[in-house]
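Kindly generate the complete structure, drawing on both the sequences and the hints.
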Amino acid sequence: MSDAAAEIAELKILHPNAVLLKEGGNPVVYLPKFSFVANGKGETMDLLLHPSSHSGYVTRLFFERQIAGRGVHWKQHRLLERNWWVPSWKDVRPDQPWTAMLCEHLRAVA
Amino acid sequence: MIRFDRQSFLGSGSEARLDEATIGLVGLGGGGSHMAQQFAHIGIGGYVAADPDAIEDTNTNRLVGGTLRDAAAARAKTKIARRMIRGLQPHARIVTVCDTWQHATEQLKTCDIIMGAVDGFAEREQLERFARRYLIPYIDIGMDVHDLGKDGFLISGQIIVSTPGSLCLRCCGLITDERLKEEAGKYGAAGSRPQVVWPNGVLASTAVGLAVQLLTPWHPHPPAFTFLEYDGNSGTVSVSAHVEALKGRICPHHPPDETGDPFFDIRKHLEGIEQRPASLWRRALRAAKAWFDGIFGSRSTQTV
Amino acid sequence: MKIGFKIAAALLATVRIDLRRPHPCAHERVGFISAGLSAVGDDVLILARSYRPVLDQDYLRDPSVGAMMGPEALRKALQWAMQTGAALFHVHTHGGRGLPDFSSVDLRENPKFMPDFCNVAPQSIHGAIVLSDTAARGQVWLAADRRHTFIERFTQVGAPIVTWRAA
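Chains as they are written, first to last, in the numbering used here: chain F, 1 to 110; chain A, 1 to 304; chain E, 1 to 167.
Hints were generated in silico from the structure; no laboratory data involved.
Treat the hints with care, since some could be wrong.
Using 27 Å as the maximum straight-line C-alpha spacing, the simulated DSS-like pairs for lysine-lysine come out as follows [what the hints assert, rightly or not]:
1) F:Lys41 to F:Lys22
2) F:Lys75 to F:Lys33
3) F:Lys90 to F:Lys33
4) F:Lys75 to F:Lys41
5) F:Lys22 to E:Lys112
6) A:Lys181 to F:Lys75
7) A:Lys79 to F:Lys33
8) E:Lys2 to A:Lys289
9) E:Lys2 to E:Lys112
10) E:Lys112 to A:Lys289
11) F:Lys12 to F:Lys90
12) F:Lys75 to A:Lys79
13) F:Lys33 to F:Lys22
14) A:Lys247 to F:Lys75
15) E:Lys112 to E:Lys76
16) F:Lys22 to A:Lys268
17) F:Lys90 to A:Lys268
18) F:Lys33 to F:Lys12
19) E:Lys76 to A:Lys289
20) A:Lys186 to F:Lys90
Printed below as a string of structure tokens:
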């Protein structure tokens, strides 16, 4: 089990506005207005990294909205009192730094 | 004779209490439509009913209130529920959302109890978590038909009452990571699961009874948590062994410090209200308040 | 804008039991309830989370009032609000049945310290609640520089659900 405080500190280097929250007792990372490349073009939207098991996946990355043409089996979930979209993207291990976990999840929409 | 005379045993003031109550109905299929009908019969005054689907031919074997004409017209399940409720409660406060419940959360927040008749464990888990955030009791029903091979079929189901502060769907083993993983592997393609009207009726009726226990004083000790198992082959509804086994345990899955909206900010909330163009009534109220404060004094510099 | 307050029956029972404990020198006990908040349209919903009593040693000896919190009690509560961002509600009980009233002491003292909570956690609302054995009434501060308003409706969520209007 990673140290959440240390992990969020690392994520804040990447994205200073990252916020550590929790849902169901599990840490989740809110990344407001995170910029990334998806389907060959730049996107900016809120992301939510769930670095432990959720809805049958070992970790998940939730998106503010679906990305057209990328990701499969998009489903809507409610976390932290907002609706989020998440594609099917399996086996992003929980036992790695959250920065690496985030990058691996973003490959689902790259 | 007054309409609800036969249910006066529910307690003094129960008619008013039921009329004041608002019930959330998430899923208006076989189970949800039954519950909508029963709540209307018993006098519930407020409804928030959410379902994204329209009735199809294959629903007409069990969707209470739905007709063949509805199926031919692909009528929304929310419209069928509204029609049914209105027929018994002409003055009911009915809000229907022809969409997933995730798009009905503003309305569901106002409910006294949320009834879940949804498909899937992930949906149940989210809905229960939403209910816990708003300190709303959640009552879940579901049924399944199991193919036992040469032994035939087994109809089973559950009714679970999950009240804030008490045990939850995970505590009693209905929702597990294994089930979620198996469900995720199907990518939402649940297929045509067997469904028939009478088990839905048993589950819905039991759930409505438990909801009424939470709203009216007729039962001296209604349960804050219960897990009832339905055996459709023997025709029994009995308390699950989980209930006794879990006595005294505290639910670890819904920490009490997770109520409310983590992003709520009163400053933004007030700004949103105050930046709206004021109605004539609101301007008059502000003027009156300013006059009052001018005479009697106030710390406040703004009007709510 | 209307304000509603919801609390799990078990938590409310815990609060009532604690507030009834005798104190070595104060006539009344006090504590704080933390809560989450949510908008419901224009209205605000307060959703109780947990309770912390003011510790025995953090009261001041003041025979002229039922209970007087000392500076340490206030400091701890303010720190709780600041660290968690939660809404905090000072709570005590007048016993009896039916809708309680704030005493003249409550009405005099509450405005002196409640705005401090708005200063340390301005994203939340804060206030004071007075209980009876069967109901409650509440004051709410939306901001440090605003007159307080009132909780309109309380809901005790349990088996059964109990609701009462309080303003």
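Here's how the hints hold up against the structure:
For a cut-off of 27 Å, the pair hint linking F:Lys41 to F:Lys22 is broken: about 31 Å separates their Cα positions. Restraint check for F:Lys75 and F:Lys33: the C-alpha separation of about 21 Å stays at or below 27 Å, so the hint holds. A hinted pair counts as satisfied when its Cα atoms are at most 27 Å apart, and F:Lys90 with F:Lys33 qualifies at roughly 24 Å. Note on F:Lys75 and F:Lys41: the hinted pairing holds, with a Cα-Cα distance of about 22 Å set against a maximum of 27 Å.
Among the hinted pairs, F:Lys22 with E:Lys112 is inconsistent with the structure: their alpha-carbon atoms are about 34 Å apart, more than 27 Å. A threshold of 27 Å between alpha carbons decides the hint, and for A:Lys181 with F:Lys75 the separation of about 15 Å falls inside it, so the pair holds. Taken as a hint, the A:Lys79 and F:Lys33 pair is broken in the structure, with Cα atoms around 39 Å apart against an allowance of 27 Å. In summary, the hint linking E:Lys2 to A:Lys289 is supported, as the alpha carbons are separated by about 17 Å, within the 27 Å threshold.
Between E:Lys2 and E:Lys112, the direct Cα distance comes to roughly 24 Å. Compliance with the 27 Å bound is thereby established for this hinted pair. Between E:Lys112 and A:Lys289, the direct Cα distance comes to roughly 23 Å. Compliance with the 27 Å bound is thereby established for this hinted pair. At most 27 Å may separate the alpha-carbon atoms for a hinted pair to count; F:Lys12 and F:Lys90 meet this at roughly 25 Å. Proposed proximity of F:Lys75 and A:Lys79 is supported: the alpha carbons are some 25 Å apart, at most 27 Å.
Proximity of F:Lys33 to F:Lys22 is assessed by CA-CA distance (about 19 Å); at most 27 Å being required, the pair is judged to hold. About 36 Å separates the Cα atoms of A:Lys247 and F:Lys75, which puts this hinted pair outside 27 Å; it is violated. A distance of roughly 17 Å separates the Cα atoms of E:Lys112 and E:Lys76; the hinted pair therefore holds under the 27 Å criterion. With a CA separation close to 22 Å, the supplied pair F:Lys22 and A:Lys268 stays within the 27 Å bound.
Of the supplied pair hints, the one linking F:Lys90 and A:Lys268 is violated, its CA atoms being roughly 38 Å apart against a limit of 27 Å. A C-alpha spacing of about 13 Å is found between F:Lys33 and F:Lys12, which places the hinted pair at or below 27 Å, so the restraint holds. Restraint check: the Cα-Cα separation between E:Lys76 and A:Lys289 comes to about 36 Å, which exceeds 27 Å; the hinted pair is violated. At roughly 13 Å between alpha-carbon atoms, A:Lys186 and F:Lys90 fall within 27 Å of each other, so this suggested pair holds.
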